[in-house]
Amino acid sequence: MGDVDMGSPNSGKTNGQSISGAKISAEGGLKEKVEGHGIGMDLITFEVMRNAFVAACYEASNIIERVAYHPVIGMGRDRSNALLTPDGRLVAHGHTDAAAHYASFGPSVKELLKSIPASTMKQGDTFLFSDPYRTGSHVNDTRLIRPIFYDGAIVAFSCTVIHWADMGGPMPGTFNPEATTCYAEGIRIPPIRLFKEDVLDEELFSLIAINIRGAVERRADLQAQYEAAKLIDSRVKDLCKRYGVATLHQAFEEQFNYTERLMLAELATLPDGTWEFEDFGDQDVMSPGKPPIRVHCKLTKKGTKLTFDWSDSDKQPRASWGCSYATLTGGNYLGFMICFPQLFPLNEGIIRNLDVISKKGTCVDVLEPAPTTGYCSGAFDKVEAITIACLAGPLGKVQPWRVYPAAVSLTNLCMGGYNPRTKKSFVQYTYAVGGENARTYKDGKSLIFMRFCNARTIPQELEERWFPVVYTAYEARVDSCGHGKHRGGFALVRELTVQTDVTMTIHGDREKFAPFGLSGGTNAGGSMLIINKGTPKEFNAGMYATGVELKKGDKIYYSSSGGGGFGEPLERDPQLVLDDVMDEWLTLDAAKEYYGVIIKVTDAEALDYRLDEKATKALRASMNQSRVPEGYGPHQIHPLGKKITVGWTPTEEEVAPHITISRPPGW
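In this text, residue positions in the sequence shown follow this note's numbering: the first is 1334, and each later residue adds one.
Here are the simulated lysine-lysine pairs, DSSO-like style, with alpha carbons at most 27 angstroms apart:
| no. | residue 1 | residue 2 |
| --- | --- | --- |
| 1 | Lys1925 | Lys1950 |
| 2 | Lys1693 | Lys1631 |
| 3 | Lys1730 | Lys1975 |
| 4 | Lys1778 | Lys1975 |
| 5 | Lys1888 | Lys1757 |
| 6 | Lys1845 | Lys1623 |
| 7 | Lys1976 | Lys1775 |
Okay, the calculated beta carbon distance ranges per label pair:
| no. | residue 1 | residue 2 | range |
| --- | --- | --- | --- |
| 8 | Asn1384 | Thr1602 | 24 to 32 angstroms |
| 9 | Ala1388 | Lys1866 | 43 to 51 angstroms |
| 10 | Asp1906 | Ala1989 | 15 to 23 angstroms |
| 11 | Thr1602 | Pro1962 | 33 to 41 angstroms |
Worth flagging that the hints you see were computed from the coordinates, not collected in a lab.
Nothing here was measured: the structure is a model prediction, and the numbers come from that model.
C-beta atoms are modelled at their ideal positions from N, C-alpha and C, and glycine is treated no differently.
Generate the whole structure from the sequences, applying the supplied hints.
Okay, here's the thing in structure tokens:
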């Protein structure tokens, strides 16, 4: 990995600090460091505790998955759990949690401590908090934060996050693309003591319940969160009983230092320099002319220091597309972790070594009361993708297997109304999986989730059981990949018919500015939402349709985007193109237009497709590599993406040894 100073800038002590008057137990210090690896405590104890932290969060996530009411939480896994230090530094999270939540844990606990003194907290107190300007993400992501006491002192915090299917506001599901302030996006919740010594404050919850749809369901979801928070509390107490509080806190600090050493060792192998990249949101639907929204980053690498500067991004839009600074850092950290997965889990050791610069009032650091429910489909998605594209600059020279084009973006489809079968109102929230980005050495996978999400797709049979809809199609969208030497994955099409009158809203993006390709690979196919496709009533609803009234029997054609391609399509193996045509991923026209491949069809029903090698060779020789226009739209060549190159194109066999867990030098 190269020579790097493995010393730690921090000791294993918390210096006996107090937080707002509360006693924070932190006795003890580091043992003599063992030669070579830099760990200042017994290695077996360190590994046991390090994994116990993640295991507690994972176990809590399983509780939510089994207990939560709404399918988007239980089946879709739109939930996360974390363990934090007494002063709000992230220690661990679950390995199946929604990755978009990771960076929100620390700000949530730190902001809680600013609002409510730790000295007033008691065992069993649990706090509800949902304010995008302070916690990050959007109002639907509610946080339940619980101080963990041992021997009368706060030794840690647990934080659980789940997506409540509705937080009020004019639109079912709360997503409101046409909102121009946060006041049109449901209720924000400041830090409130919702459970007092493990007793729910019914009066306080009733104030929330009366302002949201499906209050009984949200009560069930809240109970799942609460049990998860208690589970982490219990597991930390078990560790304190077995090892002591001093060892617990020492393990926290040692984990940060250990991760930091891994990170700095990785960065020491990369060249210094400056790289820039930009991408766009489709439109600010509430501004005159509906202009696109530019997100720009300048990455500077010097030694083992990374600085991401987002200051040159567009000013904040009027519509709900931008994000708060906490959300910006979340997308930035996540993009970094995608490039360095061996550093998992994200914790303070990484966070304290990444500088994220922004400018207040821009689309990536909006000022209150700017709307923010767009979140993952808006600015967050672009921040994550741009971070990865910037890192492709230094990584492409030495570790090309970590260079990734853009992947499928989130689209939030919500419907609400009265379900005649259950005789109750409902809020349906669903999202479409789509195309993974191509790799530098292989194709992207199809019909999978966004990179920033560990969620699962909700089976259509389950949605039909819960909501008044019937699915008539659930399939890949032909020709929707980003083309390249290695193509991206394909988008998913869902077609469904509503069985009652509903109000529909979609908050998405990537219809006009599609997931970008790199190094000559094309952008993918964009997102789509068409109502009553193929009928006289057909209309393109687009990605920002708000409050559309659908009648019983109306049909929805809902498609995600594909994944960006990598490398010149004319360099793709013609046999792979033939395989995609025979598998009905690609049409004959796309094979010819983008790949210069001629395929003879002798008998389509018998799948008698044959590669015309002579005609293919002649066509490719006559085709200009610049035949595909530059641009940001579907199947164009991203102007900056085409400039990103790699030092060499690795094979899967070459890559395999590198996809392992790293250890610091001397381990």
